[in-house]
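Visitor: One-letter residues, chain by chain:
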Amino acid sequence: MTTNNKVKVAFFDFASCEGCQLTIVDALQTHLDLLDMVEIVQFREAMTEKGEDYVIAFVEGSCTRKCDEERLFKIREQAALVVALGACAHTGGVNALKNVQPSLQDVREYVYGDKADWYETYPTRPISAVIDVDAFIPGCPIDRGEFVKVVKNVLLGKTPGIPDYPICVECKLKENVCLLLEGQPCLGPVTRAGCGAICPTYGEGCEGCRGLIPHPNENAMKDVLDEAGLKLEEIMSRFTMYNAYQKEQIETVEERI
Amino acid sequence: MNLKVLDKRAIAPLVEALMDDYRVVGPQAKGSKFTFEAVTDPANLRFDYDTTILPPKKVLLPPQERLATFTLQEDLQVKTVLETEPTVLLGVHTCDLKAIQLLDEVFSKDFPDAQYLAQREQTILISLECLSPCDEHSFCKDMGTLTASEGSDIHLTEIDSAYIVDATTEAGEELLARYATVRDATEADMQKLNKELGAKWPKFNYQLDFETAKLPSMLEAAFEHPLWNDLGDRCLACGSCTNVCPTCYCFNVYDEVDMLLTKGTRSRNWDSCQLDEFARVAGGENFREARAARQRHRLMRKGKYIYEKFDELGCVGCGRCIRTCTAKISIVESFNTIHNGKK
Ligand code: SF4
Ligand code: SF4
Ligand code: SF4
Ligand code: SF4
Ligand code: SF4
Numbered sequence: 001m002t003t004n005n006k007v008k009v010a011f012f013d014f015a016s017c018e019g020c021q022l023t024i025v026d027a028l029q030t031h032l033d034l035l036d037m038v039e040i041v042q043f044r045e046a047m048t049e050k051g052e053d054y055v056i057a058f059v060e061g062s063c064t065r066k067c068d069e070e071r072l073f074k075i076r077e078q079a080a081l082v083v084a085l086g087a088c089a090h091t092g093g094v095n096a097l098k099n100v101q102p103s104l105q106d107v108r109e110y111v112y113g114d115k116a117d118w119y120e121t122y123p124t125r126p127i128s129a130v131i132d133v134d135a136f137i138p139g140c141p142i143d144r145g146e147f148v149k150v151v152k153n154v155l156l157g158k159t160p161g162i163p164d165y166p167i168c169v170e171c172k173l174k175e176n177v178c179l180l181l182e183g184q185p186c187l188g189p190v191t192r193a194g195c196g197a198i199c200p201t202y203g204e205g206c207e208g209c210r211g212l213i214p215h216p217n218e219n220a221m222k223d224v225l226d227e228a229g230l231k232l233e234e235i236m237s238r239f240t241m242y243n244a245y246q247k248e249q250i251e252t253v254e255e256r257i
Numbered sequence: 001m002n003l004k005v006l007d008k009r010a011i012a013p014l015v016e017a018l019m020d021d022y023r024v025v026g027p028q029a030k031g032s033k034f035t036f037e038a039v040t041d042p043a044n045l046r047f048d049y050d051t052t053i054l055p056p057k058k059v060l061l062p063p064q065e066r067l068a069t070f071t072l073q074e075d076l077q078v079k080t081v082l083e084t085e086p087t088v089l090l091g092v093h094t095c096d097l098k099a100i101q102l103l104d105e106v107f108s109k110d111f112p113d114a115q116y117l118a119q120r121e122q123t124i125l126i127s128l129e130c131l132s133p134c135d136e137h138s139f140c141k142d143m144g145t146l147t148a149s150e151g152s153d154i155h156l157t158e159i160d161s162a163y164i165v166d167a168t169t170e171a172g173e174e175l176l177a178r179y180a181t182v183r184d185a186t187e188a189d190m191q192k193l194n195k196e197l198g199a200k201w202p203k204f205n206y207q208l209d210f211e212t213a214k215l216p217s218m219l220e221a222a223f224e225h226p227l228w229n230d231l232g233d234r235c236l237a238c239g240s241c242t243n244v245c246p247t248c249y250c251f252n253v254y255d256e257v258d259m260l261l262t263k264g265t266r267s268r269n270w271d272s273c274q275l276d277e278f279a280r281v282a283g284g285e286n287f288r289e290a291r292a293a294r295q296r297h298r299l300m301r302k303g304k305y306i307y308e309k310f311d312e313l314g315c316v317g318c319g320r321c322i323r324t325c326t327a328k329i330s331i332v333e334s335f336n337t338i339h340n341g342k343k
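So the protein sequences, as listed, match chains A and B.
Start counting the first sequence at 1; every next residue gets the next number (the working numbering).
Start counting the second sequence at 1; every next residue gets the next number (the working numbering).
None of these hints come from the bench; they were simulated from the model.
All residues carry an ideal CB built from backbone N, CA and C; glycine is no exception.
It is possible that some hints are incorrect.
Just so you have them, the derived chain B footprint on chain A, three or more residues with Cβ under 8 Å [to be verified]:
| hint | segment |
| --- | --- |
| 1 | 49-62 |
| 2 | 162-175 |
| 3 | 188-198 |
Computed Cβ-Cβ distance ranges for the label pairs, DEER-style [to be verified]:
| hint | chain 1 | residue 1 | chain 2 | residue 2 | range |
| --- | --- | --- | --- | --- | --- |
| 4 | A | D226 | B | D258 | 44 to 52 Å |
| 5 | A | P123 | B | P216 | 49 to 57 Å |
| 6 | A | H215 | B | A221 | 23 to 31 Å |
| 7 | A | G161 | B | D21 | 53 to 61 Å |
| 8 | A | D53 | B | D230 | 55 to 63 Å |
| 9 | B | E121 | A | D53 | 34 to 42 Å |
| 10 | A | S237 | B | D230 | 23 to 31 Å |
| 11 | B | N252 | A | D53 | 33 to 41 Å |
| 12 | B | S32 | A | D226 | 21 to 29 Å |
| 13 | B | K79 | A | E45 | 51 to 59 Å |
| 14 | B | D230 | A | E45 | 47 to 55 Å |
Modelling step: build the complete structure from the supplied sequences, incorporating the hints.
Guide: Shown next as structure tokens:
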């Protein structure tokens, strides 16, 4: 590749389904102007070249093994900016579900059967628990429009512009009939907006894939879900689906139950 | 007063005719609720609606709106954006009408708001008398908004199979003359009207335990009331109560620029004092960090601050904030708690 003024970026993946990277492949096709600004030097999902001179690293996936750490340290050392890409990297995502199981060995056997011992594992963490992260793009998967916005803002030296307010705001402005008020479970009041309240818009309660807002009132959320007729296990499984790692918050809820 | 009668069957043709020249916005069903939407088929209009999720305010102050475009090359050039259109806002209940009158004040006093005023000027308001309470949460009787003598261009009151039509402004009269098939109200129609209006009153209950004139001074004395902490514990800070409020008018302004830094857009969207980041300023300081303080702020606005600035209470008793709150926080209960605690 030739020298130019473009910012060199690279994509990396850890424990994840690669869905966020696919969303980016999509985004690159609909927002070609992104490629006027950045040059991709490494992206296993989409190309074979492997440049190591990247300035911005987008990291998908969570850290689930000791051997992931070394790779993350290397990325941090090289990149001026590290962006956590998607729920797995940002909050630990569904991968952290194993953290709330009684035994990691059981989890390993459940997944890998008699080959369990071939695979290393330890409790799942978001990448920010291992290295410093400069920005994150939430969601499972990420929203392509939001990806474009964050890239733009980061390149302009602005804050990424991820909302700090809850899904209810977007839901209300869309004038959706509130599911919680109709007795359906929804984590919208404590979950970070930015997806356009897509699940409630299509009649499904929010499952919290974008992570919790900065100061969620989990106790009040628990009371409200309780009021909506949910059982304790249902409340906990809704809270832990994507946010198991954010134990602290969840423990506050448990203490009260 | 020269009242007319509009047969219910004449509504669809009237709306059809208006649609040729105006965007007509009126109440329509959305699942189990109602919303104000641009009419595409007059048959979808629901004058029997109880209340709407968002108030009709959204026509005059859209949740998201472009304010200006600018270019950044060489010198900065700013162009105001006015995306307004001639609109007939149909079926506005009197609580929401009162709220629009307050917004008119807000957006014309001190800092006249180009976008709001431009859309307001092009909007004809047709209001609709409520003959029974929309539901158990309304407290329009307390707030004095369950009927209206002014504020719209045309006011409608249902009598059996027709509406009594009161054109209160020139624009209203012109609209009637041009688009509607109406007849003069007869003595019999007037009797029906008076009967409806008389029968309506007892159907509405007072919900507040005190006269609303007391609100400002009552709240003045309640700055340290224990209620605020209780509300702070229960509130999810979801912002729904302000987003659905017909009198809330706070917005956030933001700029977006293109990748090559050549041009951009300045826009605004509704903001909410209940959100965590609302009072966060440069440097990260948040001067209203506790949910309790934010709850207090909202009620102070409704019952005291707005009154001090505009001589009108900031609440019209529509009950939307109560209906929408998943934590079951009620402005009526809160006001009563403060009042009864002080007796
Ligand atoms: S459906 Fe969920 S996100 Fe939407 S307003 Fe209700 S609680 Fe909030
Ligand atoms: S509504 Fe909730 S679960 Fe659905 S995409 Fe948005 S954050 Fe994720
Ligand atoms: S609050 Fe009163 S005026 Fe407003 S819609 Fe309900 S009944 Fe009508
Ligand atoms: S709607 Fe209820 S929970 Fe949401 S911010 Fe308002 S008072 Fe708090
Ligand atoms: S404070 Fe509540 S009841 Fe009063 S006008 Fe606003 S939404 Fe309606």
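Visitor: Confirm or reject the coverage of the segment 162-175 of chain A by chain B under the rule of 3 or more residues with a beta carbon closer than 8 Å to the chain's beta carbons.
Guide: holds (count 8)
Visitor: Could one say that the CB atoms of A:G161 and B:D21 fall in the range 53 to 61 Å?
Guide: violated, 40 Å
Visitor: Please check whether A:P123 and B:P216 have a Cβ separation lying inside 49 to 57 Å.
Guide: holds, 56 Å
Visitor: Has the hinted range 47 to 55 Å been met by the Cβ atoms of B:D230 and A:E45?
Guide: holds, 51 Å
Visitor: Does the Cβ pair B:S32, A:D226 satisfy 21 to 29 Å?
Guide: Because 23 Å falls inside the window, the suggested range holds.
Visitor: Given the range 51 to 59 Å, decide if the beta-carbon distance of B:K79 to A:E45 lies inside it.
Guide: With a Cβ separation near 42 Å, B:K79 and A:E45 fall outside 51 to 59 Å, so the hint is violated.
Visitor: Counting residues of the segment 49-62 of chain A with a beta carbon closer than 8 Å to any beta carbon of chain B, are there 3 or more?
Guide: Check failed, 0 qualifying residues.
Visitor: Given a hinted range of 33 to 41 Å, is it respected by the beta-carbon distance of B:N252 and A:D53?
Guide: holds, 39 Å
Visitor: Do A:H215 and B:A221 keep their Cβ atoms within the hinted range of 23 to 31 Å?
Guide: About 30 Å separates the Cβ atoms of A:H215 and B:A221, which means 23 to 31 Å holds.
Visitor: Using the C-beta atoms of A:D53 and B:D230, is the stated range 55 to 63 Å upheld?
Guide: Check passed, 57 Å falls within 55 to 63 Å.
Visitor: Taking 34 to 42 Å as the hint, is the beta-carbon distance of B:E121 and A:D53 inside that range?
Guide: violated, 58 Å
Visitor: Residue count check for the segment 188-198 of chain A against chain B: does it reach three with CB-CB under 8 Å?
Guide: It holds, with 3 qualifying residues against the three required.
When the structure is compared with the earlier hints, violations turn up for hints 1, 7, 9, 13 and for no others.
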